[in-house]
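Protein chains: 2
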Amino acid sequence: MVGKSPVPLGKFVLVLLRPRTPTGHPAKGVVGDRSLVVADVFRDGHDSVAARLVLTGPGDDEPTYSPMTALGNDRFEGHVEPATCGMHTLAIEAWTDRFGTWRHHLEARAAAHDPDVEVELEVGARLLEALAPGAPSTLRPRLAEVITTLRSVTCTLATKLAIALDDALAAALAPVVDLHDLTASAPVGLRVDPAWAKAPAWYELFPRSEGGFVGTGKRLAAVAEMGFDVLYLPPIHPIGTTHRKGRGNTLVAGPDDPGSPWGIGSDEGGHTAIHAELGTAAEFRTLVADAREQGIEVALDYALQCSPDHPWVREHPEWFHHRPDGSIRYAENPPKKYQDIFPIDFWPADDADRVALWEACRDVLEHWIGEGVRVFRVDNPHTKPFVFWEWVIAEVQSRHPDVCFLSEAFTRPKVMHALAALGFTWSYTYFTWRDEAAELREYGDELATVPDVDYFRPSFWTNTQDILAGPLRDGPPAAFALRAVLAATVSPNWGIYSGFELCENQTQSDANTEYLHSEKYEVKARDWDAPDSLVPLIAALNAARRSHPALAEMATLRFHHSTDDVNLLVYSKTAPDGTDPVLVIVNLDPLLMRDGQLRLDLGALGLGGGGAYEAHDTLTGETFTWHGPDPYVRFDPAEGRVAHVLALRPVGA
Amino acid sequence: MVGKSPVPLGKFVLVLLRPRTPTGHPAKGVVGDRSLVVADVFRDGHDSVAARLVLTGPGDDEPTYSPMTALGNDRFEGHVEPATCGMHTLAIEAWTDRFGTWRHHLEARAAAHDPDVEVELEVGARLLEALAPGAPSTLRPRLAEVITTLRSVTCTLATKLAIALDDALAAALAPVVDLHDLTASAPVGLRVDPAWAKAPAWYELFPRSEGGFVGTGKRLAAVAEMGFDVLYLPPIHPIGTTHRKGRGNTLVAGPDDPGSPWGIGSDEGGHTAIHAELGTAAEFRTLVADAREQGIEVALDYALQCSPDHPWVREHPEWFHHRPDGSIRYAENPPKKYQDIFPIDFWPADDADRVALWEACRDVLEHWIGEGVRVFRVDNPHTKPFVFWEWVIAEVQSRHPDVCFLSEAFTRPKVMHALAALGFTWSYTYFTWRDEAAELREYGDELATVPDVDYFRPSFWTNTQDILAGPLRDGPPAAFALRAVLAATVSPNWGIYSGFELCENQTQSDANTEYLHSEKYEVKARDWDAPDSLVPLIAALNAARRSHPALAEMATLRFHHSTDDVNLLVYSKTAPDGTDPVLVIVNLDPLLMRDGQLRLDLGALGLGGGGAYEAHDTLTGETFTWHGPDPYVRFDPAEGRVAHVLALRPVGA
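Top line first, the protein sequences correspond to chains A and B.
Just so we're aligned: 1394 in the working numbering is position 171 of the first sequence, and the numbers increase by one with no gaps anywhere.
Just so we're aligned: 1344 in the working numbering is position 121 of the second sequence, and the numbers increase by one with no gaps anywhere.
One or more of the hints may lead you astray.
[Unchecked claim] Straight-line C-alpha distance at most 25 Å; calculated DMTMM-like pairs for lysine to aspartate or glutamate:
id : chain 1 : residue 1 : chain 2 : residue 2
1  : B       : Lys1559   : A       : Asp1339
2  : B       : Lys1560   : A       : Asp1339
3  : A       : Lys1560   : A       : Asp1689
4  : B       : Lys1637   : A       : Glu1345
5  : A       : Lys1747   : A       : Glu1448
6  : B       : Lys1559   : A       : Asp1337
7  : B       : Lys1743   : B       : Glu1491
8  : B       : Lys1559   : A       : Asp1490
9  : A       : Lys1559   : B       : Asp1339
10 : B       : Lys1747   : B       : Glu1727
11 : B       : Lys1559   : A       : Glu1345
12 : A       : Lys1637   : B       : Asp1404
13 : B       : Lys1560   : A       : Asp1270
Please keep in mind that the hints were generated in silico from the structure rather than gathered at the bench.
This one's a predicted model, so the numbers in the text were calculated from it and none came from an experiment.
Take the sequences, apply the hints, and build the full model.
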């Protein structure tokens, strides 16, 4: 065809700048949230142009249109606000604004007393005739009147020009979409998650330590009172006995050692079975339903690996790696060995075996979705093929648009980002190992920057069942408190592994981040009513997160300075429109009193007017009245104060 | 299919970072030039990986492979060096380095005295058997010997390990491409231009002022002696008489006024005809051939517009815009009118008419290519459809891979970039209006930045037939000299419009940049042998550009500082590999002596060692011996010195 082009024969060049992912995979949004769209839109010549966004959701008969606004220099922006979960398509449409162009030129001609202006009035009359069918019926009589006047042989030129250039006419015509020279961009994907997926708080517990599903159900009220949105359970499946690890990750298990929940599969079943000691399938469904009633989603662990006793090992030896001696290859990171775990070979020699395997893995998800689960925490996704995740997540979400996945990939940055790009809803992050002020600032800035915010949803975990790091190791309660404040207010998503609120601080050794008496290998009894627990702080943090839309944002994070930039971390967030300024100041030193004067960028907080402002501490209920950019703050761990989480407003507002 | 993906079922994620264009159009290279390719390459898991580049030129039976090197953190880079003009495709291939992975693990196992090591030796033996067919025949006996040893029942484990881990074996196997898990990226386009297209110097003249083609032929030697690579001629076609503009752009032409060459077309013919006063087709072909013999390409002007007398107006009224009164719409930018020019309507109502028009426009290019022309300067491409350019350039270059196009789009930045992305070889730039040190630094930095350098080839013009701007207006010779130095050394491509070397400095008015007695509307007689012309400086600049590969680069441009950052512009370039450091210092004040101490970043110049260095001035032949980063410089326009263009080298090198 003459005129082959990425946008075949379109008059416009349309370059989508945001949302986008580096790999061309879909960006992300959530139901009801306004997502910013930025594009370069231009055509040849000097005509006025207009553009709009076209959002089409799964099952939509008609797309939803929303306007784009010219920012100057050929850049346009607009917003989409998806109403349903699932994979949407987003496109840009641009057209020539014929009326605007004609009016602009007519003004210039009139001012220059151009003798050709009469011909141009007829051009305008014809244009209005062409636009009339697309105009609201209430406007049509007015258009007919204008057309008649423009063609009148009795009206004066001055009258005609006055009518043609009437601002009211232009305003009335502005919403009439001309669609002349209409050019549409290639559509891109926008994966829309449920509204709650934007900023969930996670709580992890081992159900066996709580007495199984029934006992865990008794903890639901406490988890809900702390304000958590997701309750994540490590694998709930039968645990193998062959090479089972003993307490403290010893190579030989004692007769009473329960084994690691990640050693999945025994004679009792594999990934779709429930460990008998936890309860029945009915009890599990009850737990999921009871949790949802309290506003909590139960998340299961999706760990694609098998104990040597898993039924798949017998039934599908072709799904595993084999060694020359005929044995199945267990998991290793030489010289480390994990004999209790067989990794799956996602690329069997026969492609039919691969298809069967991938479908079986998908069916595991389908099984638990059938049991009511909508959230999966995926174990080590970076050791399985990227294309598998891309396929299985799209497969599942095409049938169950509200299902979400958390990527547990603590690995290289580009791998973590690729997993987010190809479908994972959220991702664990390096936060767990970022302690110093400078590295927290650098990491926060990185995550707040486009294009990260368009597809990579960071989840900040204070700790996990594998990781007790940084100031938490042998740390005082203040260390736990400050890490909770950071996780809950820097990132829209955060989580804790149970025991955190009790300040469990003992590691297995100085050489690793494993817990002493790791719950992975034994049942733990805890005194949930212990004094001095962090439950009130955690509840206050999650309450602040629910009251303040600013805390659900990543892109608006800004760091400020103080006279002690080593020990005090000072940052703010606002809602996307700049409202709801929240200022957080954290003393990173859990041991010593630290104080200083802030160096706030009040303009970034919408307080550039110079007047006084109130700072309401959402953690303590105190309200301070401050003037200027350098209020004094003081934190003494001995007094139990590690941070301020401050809602700001001008005095009198 | 199970596993749908942008890279179907590939194990790798491959993200090309450079070369690329914002719109996904092909990047650019030139024959014989090494182009940098940067990509992120990774797969799941922890195996060692390798990657290579695959370059396929037009008509290639086999692609050319070149290695990629791991830079760490999943980033790889390599180079391609295309050998022919035309559209190439570039892809990345990645695979799992099985031998490297196995060897790495074997080392860890051996160090840990792993009892499983014997099984792993058999794994290695099988792997070497698999690799042997791809190894050079000289290596195969050695591989057979290693395999036998690994399986020997008499050899000690220590012997086997020593042989398996022998560095010589690893080195010998390194070039053996395993291609296990081979994954290829989607190919992208790489348009390859002739070698000379990387850094041409342009000279524009009106042939009618030289006495037509024969007279212009007599100027060739002088143009060649100045070191220019391209001789650009404004349109050479018959000029219309209807509404012809008179001298000084007056509305009514006198009987002897020759008219603007851009008023193309008369009874004598249109875009494929030659104005009789310039000479014959044979004389034109002679000019093109003579020029090429002297190393100069003749560039024609491709101006898609018609005078009212153009044959297309009669033969194809459907190719023009019509007004309600039946008249053809002339060019306007209301209230400005250009009655001597009819713009073409590239979108006739009937698509068959559009196809006929676009093909006629293409055939104009084909005609002149048939006459020996290989370079076109395209007039106002931003007022014609982007898709037209994309199509016509690809059409022409598919048949004539060495044909190149210069975009005369002095318009908004994104439009200029889009034209470059969709096919234009070079682009005029804003240089002509950038005078101050700060704005020159900003603009230079912008052009030197990825991704611009991968597709946007800037051409810096001191002046054009339309533009006499900045310090040139009523300026002294020093103003012309300093602008020549800037254009010739900041940008790889530069050009002048004739008369520049004679320092023609009078404008039509203070309100515009038009020349007094504009050559567009009258024939100009010039005294080429006038004393004090800039011919020697221009020749020296072009000679320096040919001797120093650094001056053909854009991406290596770096600005330095001095004690007078307002008046002294200090910058350097090197070859891509850091060699050939060239330092330029320009006094931007054409009226006053300016001096100061430089603040050089000697590390960026490859002179970080701290010793003395020589600065050889390519303009004057002087050599200075300098120590340290702050030599003193002094420029006095009264003494005729406006700049240094210095080739640097360490003393003793």
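Going through the hints against the structure:
no.: 1; hint: B/Lys1559 - A/Asp1339; result: holds (12 Å)
no.: 2; hint: B/Lys1560 - A/Asp1339; result: holds (11 Å)
no.: 3; hint: A/Lys1560 - A/Asp1689; result: holds (17 Å)
no.: 4; hint: B/Lys1637 - A/Glu1345; result: violated (34 Å)
no.: 5; hint: A/Lys1747 - A/Glu1448; result: holds (22 Å)
no.: 6; hint: B/Lys1559 - A/Asp1337; result: holds (10 Å)
no.: 7; hint: B/Lys1743 - B/Glu1491; result: holds (20 Å)
no.: 8; hint: B/Lys1559 - A/Asp1490; result: violated (88 Å)
no.: 9; hint: A/Lys1559 - B/Asp1339; result: holds (12 Å)
no.: 10; hint: B/Lys1747 - B/Glu1727; result: holds (12 Å)
no.: 11; hint: B/Lys1559 - A/Glu1345; result: holds (20 Å)
no.: 12; hint: A/Lys1637 - B/Asp1404; result: holds (20 Å)
no.: 13; hint: B/Lys1560 - A/Asp1270; result: holds (16 Å)
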